Amino acid sequence: MRRFATVLLIAVCAFALPPLLTALKAAFLLTQLTMAAYYALASLGLCALMGYAGQISMGQAGFFAIGGYASAYLSTRNLAAASGDPLVGGLDALGLLSRGADAYGNPSLSLSPWIAALCAILLAILVAVLIGIPVLKLKGHYLAMATLGFGIVIEKIARGTPALGGADGLSCVPAFALLPGLEVTGGRAARAVNFTISWVVLAIGLLALVNLVNSRPGRALRALHDGEEAAGAMGVDTARYKLNVFVLGAAYAAVAGVLLTHYNGSIGPGEANAMKSVRYVAIVAVGGMANLSGTLAAGLLLNFLSLRGVFGSLDDLVFGVMLVAVMLLSPGVRSRR
Amino acid sequence: MSLLEVASLARSFGGLRAVDGVSFSAEKNRITSVIGPNGAGKTTLFNLIAGSLEPDSGTVLFDGEDITGMKPFRVARRGMARTFQAIKLSRRMTALENVMIGRHVRSRAGFPQAMLASPWARREERRIREEAMKAIELLGIAEYAGRETGSLPFGVQRSVELARAIASEPKLLLLDEPASGLNIRETVGLAELIGRIRAEGISILLVEHDMSLVMDISDEIAVLNFGRKIAQGKPREIQSNREVVDIYLGEDDD
Amino acid sequence: MRAELFLQYLVSGLIYGSIYAAVAIGFNIIYNATGIINFAQGEFAMLGGMIASSLASRLPLALAMAAAVAATTLVGIGMERAFLRRIARGGVLKMIIATIGLSIAIREIALLIWGESVRTLPFFSGTEVSSVGIAGAHFSPQVFWVLGVTALVVAALTAFFKLTLIGKAMRGCSANREGASLCGIDPDLMVTLAFGLSAAIGAIAGCAVAPLTQTHYAIGTGLGIKGFTVAAFGGLGNSLAAVGAGLILGMLESFSIIVVPEAYKDVVSIVVLLAVLFAKPSGIFGSRAAGALKDY
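Chains as they are written, first to last, in numbering that gives the first Met the number 0: chain A, 0 to 336; chain B, 0 to 253; chain C, 0 to 295.
Be aware that a few hints might be false.
Stated by the list, open to error - If the Cβ cut is set under 8 Å, some of the chain C residues that face chain A in the computed set are:
(1) Leu92
(2) Lys93
(3) Ile95
(4) Ile99
(5) Ile103
(6) Ala104
(7) Glu107
(8) Ile108
(9) Ala262
(10) Asp265
(11) Leu273
Everything labelled a hint here was simulated from the structure, so no lab data went into it. Here the structure is a predicted model, which is why all the values come from computation and not from measurement. Where a beta carbon is used, it is the ideal one built from N, C-alpha and C, also for glycine.
Working from the sequences, and respecting the hints, build out all of it.
Now the structure itself:
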């Protein structure tokens, strides 16, 4: 079916691109393509929220950072000193801790990345619920300003908290073994596998949203975008649906944040920057708002070019100008009342 | 017991008593109409019943349950569907998709089932589509089903809105001035459609300005003027009611 | 707390509060004329300070500032004429995204022109070390310049909207666009004027505080969100209330250092913003009905 064409294309690329690029002696591009896939995943979440449900969020980067930071913090915190603690001992007995060595060769004991990642995503979801309940009562400018404020708070907290590494962020984030032998991690050896992981995750994320927008809840979201009064009259609990899609968008960003952080081995406060949130908005706008495939294409392409350094020092400027240009030029991106 | 019982309903805006202690009821399997000149409080009354406005006082009982002040989506879930005087459709969705939204209250798939496209959710989705098509066929607009709603002629859009409302299989269908914006021929067609909907076992509450439509199809009529009910009865009784005739003769036709 | 420290916090609060109020007034002018929130508002203050600091080495200070205000005004007018006017009918979401895009474009162009260096302006009178003594405490004379300029701006604006023909026309236009155009007022021109005026006020504020707080290409975002906080806090569209709200926020921020680590200082004002928005989500307009009158 046509609606699954992009999903199929991404899935095929996930496996076909690594050998192809290797043959073309361009395997080095896989690194940026992997990172671009995770950023595109976060953009897809925003597309459901902004494109389909019509609720702008200027705080998408905040959720990305919550996911990344929480997973990094939990999986790097050395619990060796607290191994006498019954809680730590219990976790260890359950096999939820992983042993390693720190930078000085001393033994370390930390939460296994699976647990760290799940906690990080749950934390992002919890924050999204708590923020979403009051914020989604707002409309238009107020919603944009409130979510922008939320994003800035997250950045300031990341930047100002010593335990989160301040301006340097967190590094030495361990590899995340999704399955035995299948690790989310940087490094040349794992480059092709990680590309495949990221694009498969992206394809799955896209598939779920394609299913969603063509379903009962998806129609309800589009209906509330077009008019909350009519949607309510048809029995749609608009407040609940807005919250659901807000949380869903946050969860996508958090998953992307977790995976990219383990891939890079580090995360910094720049990921929570307002400008990052603006980029997500720009990608959805360039992609055509209520257009998952468009968002995906824009997300992959723009992030790839940006990561390759094609825009040079004009990087942020490109995104700003693009926002204005898209609003000026495309009548198709008209917001529906 | 009546399907809908409105008792001493009142609502003011500033100093204006838009609806001032109105009581009436709508019976099962009947077409009940509320008429009155412009500014009589018809639309306010309608919004008070549907939950779009909260009353200052009074009660609304629907199918034996107190729904006073309940949010519109909760009212809709209890089996009350409505159309709008100014058509409110999702213009960029197809006619069929719009009508499928009408099945919202009759289906259950949430975010997880929809995203995973579980077999159960896919079955439900097929049923939604079938039931929506039935409503579309009942209203005779099957040829427009796949078209984007914003591009359809006005009269067809009104039918899409009607189809969306009846797709929810409501116990009571509220129609807010369905003839507004329609020409005479379309209005005749509308009367026929409303008859067909009633034949499906759906009770109807009609708020309307167009007297000919109301007199032709109503079983019971309540007349409002300045926020108060001044008469209630069968169409023939209303037609011969002195006070009602005075109001309508004295009113500038618009 | 020592009295000296207390006064220091107080003065710092007053200064930041004044500039927040000025930015808030800029928001209000555009909001009153068009019903939109201009997300590029903070950039006007940045531009004012940056342009003035560039020109100050070649021109007398007063002239440099006048030129900076004029140039920023042109940017405001150009922004409306070239972009926003063409997008206005697209709806709120589009306008929000467009003004965000413009704010980033302005900021990044500023980065290309001036780089990342922190700049400053000479003190309007005296030098960095001169001080005015009041009740045993000493203040930089620039403090009085900032407060004086803010007071002057508010007074001038009030007079402009109440007394002059154009000011009255702008108010009429925001109250009733069609009615105003029937009276021979060109609503489009009024919107352009609002953007110019709003940019000018931002630039003036940016110049006045630059000697004390220094300036940088990226200060616009923070000023924008704090200015909006103040505008929402005081009631959107109400410039007199914005002054009070600005001073309150400035004080809150300044004194928050006592209980909150310095690094979280900006968080304080955003928490205030969120609290204001959550407490009155229907509009902060004072009344729900007034909110409903606006297009957006």
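Outcome of the hint check:
Interface hint status for C:Leu92: upheld, as the beta-carbon distance to the closest one in chain A is roughly 4 Å, under 8 Å. Given hint, C:Lys93 at the interface with chain A, holds; its Cβ is 5 Å from that chain's nearest Cβ, closer than 8 Å. The restraint placing C:Ile95 at the interface with chain A holds, with a minimum CB-CB distance near 5 Å, inside the 8 Å limit. Annotation: interface hint on C:Ile99 holds; nearest CB of chain A at approximately 6 Å, less than 8 Å.
Hint on C:Ile103 holds. Least Cβ distance to chain A is approximately 3 Å, under the 8 Å limit. Residue-level restraint check for C:Ala104 holds (minimum Cβ-Cβ distance to chain A is 4 Å; threshold 8 Å). Hint status for C:Glu107: holds, given a least beta-carbon distance of 4 Å to chain A, under 8 Å. Contact between C:Ile108 and chain A, as hinted, is supported at the beta carbon level, the nearest pair being about 7 Å apart and thus within 8 Å.
Given hint, C:Ala262 at the interface with chain A, holds; its Cβ is 3 Å from that chain's nearest Cβ, closer than 8 Å. About 5 Å separates the beta-carbon of C:Asp265 from the nearest beta-carbon of chain A, less than 8 Å, and the hint is met. Of the supplied interface hints, the one on C:Leu273 holds, with its beta-carbon coming within about 6 Å of a beta-carbon of chain A, less than 8 Å.
Comparing the model with each earlier hint shows no violations; every hint is respected.
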